[in-house]
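Given the sequences, and given the hints that come with them, work out the whole structure.
Line by line, the protein sequences give chains A, B and C. Residue numbering for the first sequence is 1 to 285, as defined by my numbering. Residue numbering for the second sequence is 1 to 306, as defined by my numbering. Residue numbering for the third sequence is 1 to 101, as defined by my numbering.
The set of hints was computed from the structure by calculation and includes no laboratory data. Beta carbons: idealized from backbone N, C-alpha and C, even for Gly. There could be a bad hint or two in this list.
To be verified - Okay, the calculated beta carbon distance ranges per label pair:
{"id": "1", "chain 1": "C", "residue 1": "His55", "chain 2": "B", "residue 2": "Pro212", "range": "33 to 39 Å"}
{"id": "2", "chain 1": "C", "residue 1": "Lys17", "chain 2": "A", "residue 2": "Ser105", "range": "53 to 59 Å"}
{"id": "3", "chain 1": "B", "residue 1": "Val36", "chain 2": "C", "residue 2": "Ile14", "range": "54 to 60 Å"}
{"id": "4", "chain 1": "C", "residue 1": "Lys17", "chain 2": "B", "residue 2": "Asp249", "range": "55 to 61 Å"}
{"id": "5", "chain 1": "A", "residue 1": "Phe64", "chain 2": "B", "residue 2": "Glu13", "range": "24 to 30 Å"}
{"id": "6", "chain 1": "A", "residue 1": "Thr4", "chain 2": "B", "residue 2": "Ile85", "range": "24 to 30 Å"}
{"id": "7", "chain 1": "C", "residue 1": "Lys70", "chain 2": "A", "residue 2": "Asp266", "range": "51 to 57 Å"}
{"id": "8", "chain 1": "B", "residue 1": "Arg250", "chain 2": "A", "residue 2": "Asn2", "range": "58 to 64 Å"}
{"id": "9", "chain 1": "C", "residue 1": "Leu71", "chain 2": "A", "residue 2": "Glu255", "range": "52 to 58 Å"}
{"id": "10", "chain 1": "B", "residue 1": "Arg250", "chain 2": "A", "residue 2": "Glu255", "range": "17 to 23 Å"}
{"id": "11", "chain 1": "C", "residue 1": "Ala80", "chain 2": "A", "residue 2": "Thr4", "range": "29 to 35 Å"}
As the list claims (entries may be wrong) - Listing some non-contacts, in silico: residues in chain A with all C-beta distances to chain B over 12 Å:
{"id": "12", "residue": "Glu35"}
{"id": "13", "residue": "Ala39"}
{"id": "14", "residue": "Glu47"}
{"id": "15", "residue": "Ala63"}
{"id": "16", "residue": "Pro68"}
{"id": "17", "residue": "Ala77"}
{"id": "18", "residue": "Glu130"}
{"id": "19", "residue": "Glu156"}
{"id": "20", "residue": "Asn189"}
{"id": "21", "residue": "Arg196"}
{"id": "22", "residue": "Met230"}
{"id": "23", "residue": "Trp239"}
{"id": "24", "residue": "Leu243"}
{"id": "25", "residue": "Arg252"}
{"id": "26", "residue": "Leu270"}
{"id": "27", "residue": "Arg273"}
One letter stands for each residue in the lines below.
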Amino acid sequence: MNETKREIKKRLRNLQSLPTLPAIVGKLTQLIGDERATAHQVAALIEKDQVLTGKVLKMVNSAFYGFPRRISTVSNAIVLLGFNVIRTLVLTASIFESMQATDLSLWEHSLGTAAAAGLLADKLELPNPEEVTTAGLLHDLGKVVLRTEFPKLYKEVATKVKEEKTYFRAAEQEILGLDHGEIGRILANQWNLPERLVEPIAYHHEVEKARKFKKEAAIVHFADIMTRAMGYGSGGDPWVPALNDKAWKLLRLKEKDLQEIIPIFDERLLELRFFTLEMQNELKK
Amino acid sequence: MNLKSKLVLLAEEEIKEKTSSLKKFYEITYFYDPMVAVEKIFAAPPDILLVQESLAKDLIKGLILALKNDLRLTCMPVVLIVERINLPKSWEDCPVDDFVFSDSSLDEYLSRINLALARVKRLADNNPLTGLPGNTSILKTIQEKLNTKEDVAVAYVDIDQFKPFNDRYGFARGDEILRMVGRVLLNVISDKCREKGFVGHIGGDDFVFICPNEQIEETCKEIIKEYESILPSFLDPEDLKKGYFVAKDRQGIERKIPFPSISIAVVPLKKGKFKHYGEVSAAASQVKKMAKAIEGNSYFIDRRQH
Amino acid sequence: MQRIPIEMAKAGMILAKDVTDEAGRVLCGPETELTTELIEKFKAMGVKFVSVKGHPIDFPWERPYEEEIKLLEARFAKVADDPRLISLKKIIADYLKEKNA
Numbered sequence: 001m002n003e004t005k006r007e008i009k010k011r012l013r014n015l016q017s018l019p020t021l022p023a024i025v026g027k028l029t030q031l032i033g034d035e036r037a038t039a040h041q042v043a044a045l046i047e048k049d050q051v052l053t054g055k056v057l058k059m060v061n062s063a064f065y066g067f068p069r070r071i072s073t074v075s076n077a078i079v080l081l082g083f084n085v086i087r088t089l090v091l092t093a094s095i096f097e098s099m100q101a102t103d104l105s106l107w108e109h110s111l112g113t114a115a116a117a118g119l120l121a122d123k124l125e126l127p128n129p130e131e132v133t134t135a136g137l138l139h140d141l142g143k144v145v146l147r148t149e150f151p152k153l154y155k156e157v158a159t160k161v162k163e164e165k166t167y168f169r170a171a172e173q174e175i176l177g178l179d180h181g182e183i184g185r186i187l188a189n190q191w192n193l194p195e196r197l198v199e200p201i202a203y204h205h206e207v208e209k210a211r212k213f214k215k216e217a218a219i220v221h222f223a224d225i226m227t228r229a230m231g232y233g234s235g236g237d238p239w240v241p242a243l244n245d246k247a248w249k250l251l252r253l254k255e256k257d258l259q260e261i262i263p264i265f266d267e268r269l270l271e272l273r274f275f276t277l278e279m280q281n282e283l284k285k
Numbered sequence: 001m002n003l004k005s006k007l008v009l010l011a012e013e014e015i016k017e018k019t020s021s022l023k024k025f026y027e028i029t030y031f032y033d034p035m036v037a038v039e040k041i042f043a044a045p046p047d048i049l050l051v052q053e054s055l056a057k058d059l060i061k062g063l064i065l066a067l068k069n070d071l072r073l074t075c076m077p078v079v080l081i082v083e084r085i086n087l088p089k090s091w092e093d094c095p096v097d098d099f100v101f102s103d104s105s106l107d108e109y110l111s112r113i114n115l116a117l118a119r120v121k122r123l124a125d126n127n128p129l130t131g132l133p134g135n136t137s138i139l140k141t142i143q144e145k146l147n148t149k150e151d152v153a154v155a156y157v158d159i160d161q162f163k164p165f166n167d168r169y170g171f172a173r174g175d176e177i178l179r180m181v182g183r184v185l186l187n188v189i190s191d192k193c194r195e196k197g198f199v200g201h202i203g204g205d206d207f208v209f210i211c212p213n214e215q216i217e218e219t220c221k222e223i224i225k226e227y228e229s230i231l232p233s234f235l236d237p238e239d240l241k242k243g244y245f246v247a248k249d250r251q252g253i254e255r256k257i258p259f260p261s262i263s264i265a266v267v268p269l270k271k272g273k274f275k276h277y278g279e280v281s282a283a284a285s286q287v288k289k290m291a292k293a294i295e296g297n298s299y300f301i302d303r304r305q306h
Numbered sequence: 001m002q003r004i005p006i007e008m009a010k011a012g013m014i015l016a017k018d019v020t021d022e023a024g025r026v027l028c029g030p031e032t033e034l035t036t037e038l039i040e041k042f043k044a045m046g047v048k049f050v051s052v053k054g055h056p057i058d059f060p061w062e063r064p065y066e067e068e069i070k071l072l073e074a075r076f077a078k079v080a081d082d083p084r085l086i087s088l089k090k091i092i093a094d095y096l097k098e099k100n101a
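So, in structure tokens, the structure goes:
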């Protein structure tokens, strides 16, 4: 167990690059080649991909630019990095040739969680809903890493989930000795992301462990639940996870709040479904 | 003990082997995959880039253009490793600083690298904090625009309440704000004005930018919009909530200090109005007073005819 | 009733609900029959989705109502003893029912 954990941590330190959805890269390349493209349009596309978002945030928070752990949204990152840098990043985004249509489910889950997080942040009247949306988008980055860098282990976990009908996270703990929350935490810290992003990524399953950004962690926790409850995308297993007591206490959601949010969320999911449909069609071309 | 210059070598294995003894003189990071190299180069730029053209022709071309178009990275010397048969070539499309043949001797490689590094030291008056051109380049550029009678405006940007901010949050945070403003100016002007724009850092919290007259207002508005959107990331949440921070003024009395805001003083270069850059900065001082009189982020354009 | 993106709307479809622009202003009411001109006009005004009568298009993710409810129940299987989550399940179930009406 310890061996695997150590191996994982070591590999994280030397992580070269993660896969991006080919269709998004394709669309972005098109957009960036267009003279009339605005930074806003570019940001909107980048925000649809957790890996590209991670890359952009990692770069803007790096020592070279001089604002470590400050920038937590793609829109701010784009202004600070500039179109030139973004263009180059996009042109060299590593593309996973063999990405199947079914692989989209992990991406869908992160998109859905981002959307739900945004709605919850609005409801709770947080000053910076965009940041929580980003946290929602990145919350399962650890799973992407696991799948890409440790495909055998990932398969073992997936098999255990299927056969023993356990939660993905429980299977992770047993087989790897750590879970995607911790992998995400290590990565986010390595990338110098602001704490307001690191904490929700690290503690979206254990909200009580969050220190400074408890509300944000609680929102991502419940956003994850909402997305699974609506059956959109896949978080690794087909079940709604247990509700964290601390999160529920912090959110103070009433029945009427949920009754208002669910229809709006469903509409957002519909928009996302059409988006991924478009992406799947691009893949087939 | 001298710190070795950092060199990134993006080339085939063969070249890597050939130049391996250069490790004595430089700290070399080696890549054969342009995709991986690019990310590293932008995130932690070396002192010099040595890149082999034939590795991936179009990608390398794109990389060079991106580097040279980035106002901050443009000063980083790029030496291109070329095949003899590919010369002559158009250097307009390939704005590198020098070239060396793939089959050149080790001594020649060494000489070209050293020359490129020495050259960049001579030319740079870049502000060490923001990497933007400094005073000499700024004055030179303004004078150029005056001589060619280009239809542009010169804008002077400074940050209000910067000193109390520094006192309260410390110089490190203050430096971050300066870098942030530098990048916002850089990217907004690059975006809107392309080659017609220019951004410089005079020093401290004083910046300058040049922009075509017809775009000046929208550019000022965009700068302010982006600054307003990014500033909160640099403030403590408790202060953000209050809407001000508390600090002692020069008399030692505690006051509520508003957050740092930018003032832009714009001096359009109307044909023939100014002959010398000194006149431009003199006009700017007057406009600055107007801009700073407006609370919060503001810009003020000098519309006087003479 | 089916909610579809404006790009998939075709002349002859009949609106089931108001069409609003980005500001929330009502552009058109239910029972209106869509024409090519109308659709182009909506696109130009930034309308992204419209609700039309019936079920003109089959989307890959759509399932019959009964199946949706069954799947919903299955998803909540492991948290059946948490009243807070069961309440969420009920809200979703009610919403699905309303949609299916």
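Outcome of the hint check:
In this structure the hint that His55 (chain C) and Pro212 (chain B) lie 33 to 39 Å apart at CB is violated, the actual value being about 55 Å. Between Lys17 (chain C) and Ser105 (chain A) the CB atoms are about 30 Å apart, so this pair departs from the stated range of 53 to 59 Å. Distance hint check for Val36 (chain B) and Ile14 (chain C): the Cβ-Cβ separation is about 55 Å, which falls inside the suggested range of 54 to 60 Å. Separation of Lys17 (chain C) from Asp249 (chain B) is about 59 Å and conforms to the stated range, judged on CB atoms against 55 to 61 Å.
Hint check: Phe64 (chain A) to Glu13 (chain B), Cβ distance near 28 Å, so the stated range 24 to 30 Å holds. At roughly 52 Å, the beta carbons of Thr4 (chain A) and Ile85 (chain B) sit outside the given window of 24 to 30 Å. Our hint of 51 to 57 Å for Lys70 (chain C) and Asp266 (chain A) is violated, since their Cβ atoms are close to 18 Å apart. Checked against the hint of 58 to 64 Å, the pair Arg250 (chain B) and Asn2 (chain A) passes, with Cβ atoms roughly 60 Å apart.
At roughly 23 Å, the beta carbons of Leu71 (chain C) and Glu255 (chain A) sit outside the given window of 52 to 58 Å. At about 56 Å, the CB distance of Arg250 (chain B) to Glu255 (chain A) disagrees with the hint of 17 to 23 Å. Checked against the hint of 29 to 35 Å, the pair Ala80 (chain C) and Thr4 (chain A) passes, with Cβ atoms roughly 33 Å apart. In this structure Glu35 (chain A) is not separated from chain B by more than 12 Å, as the shortest Cβ-Cβ distance comes to only about 10 Å.
For Ala39 (chain A), the non-interface assignment is contradicted: its Cβ lies about 7 Å from the closest Cβ of chain B, within the 12 Å cut-off. No Cβ of chain B approaches the Cβ of Glu47 (chain A) within 12 Å, the least distance being about 15 Å, so the stated non-interface status holds. Against chain B, the non-interface label of Ala63 (chain A) is violated: not every CB pair exceeds 12 Å, the least being about 7 Å. Residue-level check failed: Pro68 (chain A) sits 9 Å from the nearest beta carbon of chain B, not beyond 12 Å.
The non-interface label for Ala77 (chain A) is inconsistent with chain B: the shortest C-beta to C-beta separation is roughly 9 Å, within 12 Å. Non-interface call for Glu130 (chain A) relative to chain B: violated, since the shortest CB-CB distance, roughly 9 Å, does not exceed 12 Å. At roughly 29 Å, the least C-beta separation between Glu156 (chain A) and chain B is larger than 12 Å, which holds for a residue marked as non-interface. Every C-beta of chain B lies more than 12 Å from that of Asn189 (chain A), the closest at about 16 Å, which supports listing it as non-interface.
The Cβ of Arg196 (chain A) does not lie farther than 12 Å from every Cβ of chain B; its closest approach is about 9 Å, which violates its non-interface assignment. No Cβ of chain B approaches the Cβ of Met230 (chain A) within 12 Å, the least distance being about 31 Å, so the stated non-interface status holds. Against the 12 Å criterion, Trp239 (chain A) stays outside the reach of chain B, whose nearest CB is about 35 Å from its own CB. With a minimum CB-CB distance of about 27 Å to chain B, Leu243 (chain A) clears the 12 Å threshold, and the non-interface call stands.
The claim that Arg252 (chain A) is not at the interface with chain B holds, since no C-beta of that chain comes within 12 Å of its own (minimum 19 Å). At the 12 Å boundary, the C-beta of Leu270 (chain A) stays outside the reach of chain B, the nearest C-beta of that chain being 29 Å off. Non-interface status of Arg273 (chain A) relative to chain B is upheld: no Cβ of that chain comes within 12 Å, the nearest being about 30 Å off.
Violation of the numbered hints given earlier is confined to hints 1, 2, 6, 7, 9, 10, 12, 13, 15, 16, 17, 18, 21; the remaining hints are satisfied by the structure.
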